[in-house]
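Novice: Each chain, written out:
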Amino acid sequence: MLRFGLPRFVLPAFVLFALLGLAPAGPARADVTGLRATPSTISPNGDGQRDRTVLSWTVAGGVADSIHITVRRSGSNPLLAPLRTFLLTARPVGRDSLEWDGRDGGGSLLPDTLYSVRLTERDNTGAIVAEAVVAVELDTTAPPVPVIAGPADTAVTDTSYAFAGIAAAADTVILFRAGVPFDTLAVDLESQSFGINVRLAEGDNLLAVQSYDRGYNFSPQTTAINVRYVNTPDLASLRALPDKFSPNGDGILDSTRVTATIDAPTSRLSVVIRKGALVTNAEDTSLPVTVLNDAPAPAGAHVFVWDGRDSVGTVVGDGAYFFRVFADSQDVSGAAIPSRVRRTSAVTVDNTPPAAPTIASPAPARTIRGSVILRVKTLFADSLFTRRDGTLISHVATAAIATTDVSVPLAFGDNAITFQASDLAGNKSAVAGPFIVRFETPVGFHAPERFGRGDAFAVNLTAPARSVVIELFTLRGQPVRRLFSSQSSSRYELPWDLDDDAGRSVGDGPYVARLRVTFSDGSVEESKAAVVVVK
Amino acid sequence: MIGRRGSRLVLAAALAGTVAGLPTPRSAAAAPTAAFERPGGGPRAAAIGGHSIVLPDDDYALGANPARLAFAGRSASAQYDRIDPAVDLWRGRVGLSLPIGGEITEPLQTSRSHRAALGAALDVLNLTLIEGSGYRESAATLGFAAAPSAILAFGVAGHYERATSDADLIAAHAWGVDVGMTIDLADHWSAALAVRDALGRVTFDGGDDEDRAAEMTIGLAARAHRFWQAEADYVFQRNTTSALAGGVEIHVLPGVLDLRGGVSREMLGPARIIPSAGAGFTVDHLRLDYAYRSDPDGGMNSQHQVALGVRF
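Taken in sequence, the protein lines are chains U and V.
For the record, in the first sequence the residue sitting at position 340 is 340 according to our numbering, with numbers rising by one throughout.
For the record, in the second sequence the residue sitting at position 140 is 140 according to our numbering, with numbers rising by one throughout.
The set of hints was computed from the structure by calculation and includes no laboratory data.
One thing to keep in mind: the hints can contain errors.
[To be verified] Just some of the chain U residues that point at chain V, by a computed CB distance under 8 Å: (1) Ser361; (2) Thr474; (3) Tyr511.
[To be verified] Chain U is nowhere near these chain V residues, computed Cβ spacing over 12 Å in every case: (4) Gly73; (5) Ala186; (6) Ala198; (7) Met267; (8) Ile274; (9) Ala279.
[To be verified] Cβ-Cβ distance ranges computed for the label pairs, FRET-style: (10) V:Val94 <-> U:Ala430: 49 to 55 Å; (11) V:Ala78 <-> U:Val396: 26 to 32 Å; (12) U:Gly317 <-> V:Thr164: 47 to 53 Å; (13) U:Thr285 <-> V:Thr164: 57 to 63 Å; (14) U:Lys535 <-> V:Phe227: 49 to 55 Å.
Each residue gets a CB set at the ideal place from its N, CA and C atoms; glycine is no exception.
Please model the complete structure; the sequences and the hints are all you need to start from.
Specialist: Next comes the structure, spelled out in structure tokens:
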């Protein structure tokens with residue numbers, strides 16, 4: 001080797017590179033992969049639907065010198081001459097394709113059967129480099145006319161019709177209504193059947209079907225059958241509103257109403273009121289109260305109002321009642337059929353007003369804050385109305401048995417606060433109150449003596465101050481909390497969250513508050529007061 | 001055979017063991033009440049630091065350390081504390097102690113001890129609230145002490161309290177139990193341990209049921225008979241050291257005039273120093289005690305306590 005004058009390391013390096021797969025590359029070799037025929041079934045009958053297939057493949061790694069594509073009948077002797085041959089040379093890298101129209105080399109249409117398409121890539125020496133085969137089926141035979149199951153013409157009262165049949169040698173059927181296609185279905189290849197629930201329009205529905213196979217060979221359309229839909233009254237579900245009412249003549253929720261909607265005329269629309277609980281599957285123990293309607297009715301919505309009276313005009317007692325509604329149906333000939341569907345909706349008659357609200361703790365006679373929070377108890381009420389001097393302040397929803405904290409904004413001077421409860425049936429309780437709360441801002445150091453969460457110390461001065469500090473101590477002198485305001489004002493409000501300076505909640509009990517007011521001229525005034533914390 | 005000195009060492013060891021085994025007072029996380037907090041011990045204890053539990057030898061032992069009732073003899077007292085006139089804060093108290101067992105004082109023992117003793121007291125506190133309403137706390141306390149020997153005693157006291165007010169919706173009731181023990185370690189040394197409100201609850205009407213903050217005090221006292229006596233106290237509350245206190249009583253005219261002085265370092269919240277001083281005058285069986293405390297950082301500049309007691 002050294003005789004060729006190569007350096008000593010060339011050979012070992014070449015061996016090493018070869019072993020590592022890094023040896024210098026030779027000329028690029030083409031590789032053909034991914035042969036496909038799209039579609040794989042064609043019907044070259046000149047109808048424009050699947051008359052030819054596209055054979056496609058991918059050339060990679062370099063230009064393919066020579067590609068041979070041959071078509072033979074599937075299963076035929078490969079030594080015989082192919083029916084069709086394509087010879088392609090110097091095919092570039094990338095996806096490549098050609099079309100085959102189902103004809104042989106002489107231009108004659110080949111018969112329906114399965115064909116084998118073979119692609120062979122050869123190099124410049126004629127050696128086979130790559131090979132692939134796909135199958136292409138020629139099918140120019142249309143499937144037979146489908147057969148529709150069931151009678152040719154029929155009348156039904158349901159809007160849904162089971163449309164089914166047999167579509168031999170087909171893959172898909174097209175459904176027609178009055179000659180217009182409206183749906184396609186896949187045919188079950190094993191049973192060759194199809195089926196669908198068709199939603200019918202009122203009146204005649206001319207239904208027909210046509211099938212086709214994978215080669216897009218279409219069968220003739222069947223003769224249409226006529227399915228006549230006869231609409232009969234169906235009663236929609238109903239709901240009485242309000243479901244609680246108080247027929248006491250006070251103008252508030254004195255009646256309830258229900259809307260019965262039928263989609264076709266009926267010979268009998270019955271609306272009755274019965275007393276008792278709604279009947280499910282148990283024995284009906286309800287008692288008839290009154291009949292609101294028992295007569296033919298046209299299609300549409302019908303509103304029935306019940307004013308809480310029985311058949312002789314007496315207001316019924318409190319309790320549970322329900323509407324029971326049904327509409328007779330009819331058959332396809334128009335004969336009446338007693339309704340099997342009875343719709344119900346429960347209502348409650350409640351003429352009993354809720355108890356008057358009470359306040360859990362007495363309202364303060366006077367306060368130094370601009371609002372007061374009152375804890376109000378209600379019983380069997382759904383709403384609580386709060387009025388101040390006759391003006392509605394708030395309207396809040398409450399539970400049946402509830403204690404509600406109501407914040408009432410106050411005006412200067414005396415405030416007359418009243419409460420009234422109401423229930424869902426519109427019954428109003430007696431008015432509770434008035435509770436008189438006087439709002440004033442007297443000069444001095446003030447706070448609620450029973451100091452709770454949300455309360456504040458108020459400092460009202462005759463002259464503006466520079467800052468105020470309130471220090472809180474236990475009765476044994478333990479410092480608890482320091483409250484501070486550096487705003488210049490003559491009126492301060494310092495809330496205490498009942499936490500100490502370390503952020504821990506303080507215990508209930510008496511606390512001494514030492515107030516230090518620093519005025520603009522630097523003078524300081526000090527005073528003390530005591531409160532009792534009750535959380 | 002264990003001698004007298006040896007038996008006291010055994011008792012001291014028992015005391016230390018008891019201290020170590022005491023339950024930890026309840027934590028402050030439960031927001032213990034601020035109501036019904038009464039300093040015990042009267043003017044004499046207030047003048048020597050305010051936390052004395054070893055030296056009380058009269059009916060004030062009931063509030064300071066019920067075990068000391070065994071060393072109280074027959075005594076009664078009436079007390080008035082003027083705490084803060086700005087909020088009309090004052091306290092009043094009457095108390096009584098009665099030995100119910102035989103005297104077991106040993107020869108040369110400077111304190112007189114009885115086998116068992118009872119104590120009772122009524123306390124009131126008055127406070128005027130911010131809008132002028134009155135607020136009052138009252139308590140009735142009953143205690144019992146038993147002394148297994150002349151140098152060792154145990155005691156327990158129970159108290160029931162009520163709070164009332166002219167203001168609407170301010171009322172409370174409470175109960176508590178105090179326990180304590182005391183021991184003479186040597187001829188001139190004594191020690192004691194007391195837990196105030198070891199058990200107890202407070203309930204304000206409309207409020208939550210709250211714990212009372214248990215307060216454990218360990219005290220050590222030394223005395224030179226007819227000359228002086230002094231005490232140092234360590235107070236533990238809310239899982240932390242809450243106070244260190246100490247004071248001395250000098251018998252200027254033995255049996256007639258005592259002068260007292262003390263200081264307390266209160267450590268709950270910002271630490272503050274409270275100096276105290278006082279005097280006691282004894283005439284025959286009557287004794288008049290006075291104490292002064294100044295706590296400006298605690299919002300109470302000058303506090304005066306005066307009590308009249310009698311031994312019978």
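Novice: Look at each hint and say if it fits the structure.
Specialist: Going through the hints against the structure:
1. Ser361: holds (6 Å)
2. Thr474: This hint holds: Thr474 (chain U) lies near chain V, its Cβ roughly 5 Å from the closest one there, short of 8 Å.
3. Tyr511: holds (6 Å)
4. Gly73: The claim holds: Gly73 (chain V) sits with its nearest Cβ about 29 Å from chain U, beyond 12 Å.
5. Ala186: holds (34 Å)
6. Ala198: holds (17 Å)
7. Met267: violated (10 Å)
8. Ile274: Label violated. Min Cβ-Cβ 8 Å, cutoff 12 Å.
9. Ala279: Its Cβ never comes within 12 Å of chain U, the nearest being 23 Å, so this holds.
10. V:Val94 <-> U:Ala430: 49 to 55 Å: With a Cβ separation near 53 Å, Val94 (chain V) and Ala430 (chain U) satisfy 49 to 55 Å, so the hint holds.
11. V:Ala78 <-> U:Val396: 26 to 32 Å: Given a distance of about 56 Å, which is not inside 26 to 32 Å, the answer is violated.
12. U:Gly317 <-> V:Thr164: 47 to 53 Å: Distance hint for Gly317 (chain U), Thr164 (chain V) holds at roughly 50 Å.
13. U:Thr285 <-> V:Thr164: 57 to 63 Å: At 59 Å between Cβs, range holds.
14. U:Lys535 <-> V:Phe227: 49 to 55 Å: Holds - the Cβ-Cβ distance for Lys535 (chain U) and Phe227 (chain V), about 52 Å, lies within 49 to 55 Å.
Hints 7, 8 and 11 from the earlier list are contradicted by this structure; the remaining hints agree with it.
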